Amino acid sequence: MSRLNSAAATFGIIILMLGFRAEANEYVDKVAPILIEQCQMCHREGGIAPWAMSNYQVVQAFAPAIKEAIVSRRMPPGQINPKYRDTIINHRTLSDDEMKTLVDWVDAGAPVEGCNRSSNTNSIL
Amino acid sequence: MTQGFHSFDHPVRLDSFQPHGHLRMNAASLEIFYPQTGRTEAISQVSNWSATWHHSHLYAPEAAPLIPAGAVIILKQWYDNTAANPNNPDPDMFVMGGSRTGDEMTHAWLAITHLDDEGFEQLKAQRTIMGDD
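Here the protein sequences line up with chains A and B, keeping their order. First residue of the first sequence? That's 6 in this note's numbering, and the numbers climb one at a time after it. First residue of the second sequence? That's 69 in this note's numbering, and the numbers climb one at a time after it.
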């Protein structure tokens, strides 16, 4: 029985570690991919947007502005109704899940654990 | 609300939809009316249109509407001519259609692939295989 408890405890610890790891990589695994897919078409060097998402520092600095822009639905600028979103390859709208991921990340203080901070990589990852 | 209609004497595939209007327009939709059955199918809708962004909405290849010969494409557009619309230059003005920014338009650019009957049936069959019919 104690062996079983021990196994259960180990299993629990592994689950906790997995959970921690997923949270730690929230930026790299979930947030950055949305920004790359939905924003960097314009928010890049030479793009039509007024600022470029060129690295994680810029993204962090603009995090409150990103939240304001997406919650007010000013950005991304796509206009197609959600019902037809999946039929359009360039809809430029956020799903509810994408919106929640970005807002939760900004509200958590825009942490960037897991991203490459060793040099100026010209990448937001 | 305004409407425009168009039909082709041959089948077509609709590849994109870009509604266009001026300062008072705020919504647009696209529907297909099938005279044989009397059915109308909504295929696109923009409920929060703004003249500050003009998007050409590109259909995914597997979702691009296949429109049979004789079916009617219906474009509907809505306008806010009240003082509550901050883009409205003059809520008291009687507005006509025209090219000037202060005029209005019911307009859309549609990218169309013209098909013959054989090509139309082929594309429909492909959709059926993909389970999308």
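In short, the hints are calculated from the structure, not lab data. Treat the numbers as computed from the prediction; the structure is a model and nothing was measured. Keep in mind that a hint or two might mislead.
[Unchecked claim] On the chain A side, residues computed to face chain B include the following (Cβ under 10 Å):
1) ARG78
2) ILE93
3) HIS96
4) ARG97
Backbone N, C-alpha and C define an ideal beta-carbon position, used for all residues, glycine too.
Here is what the structure says about each hint:
| no. | hint | result |
| --- | --- | --- |
| 1 | ARG78 | 7 Å, holds |
| 2 | ILE93 | 5 Å, holds |
| 3 | HIS96 | 7 Å, holds |
| 4 | ARG97 | 7 Å, holds |
Checked against the numbered hints listed earlier, the structure breaks none of them; every hint is satisfied.
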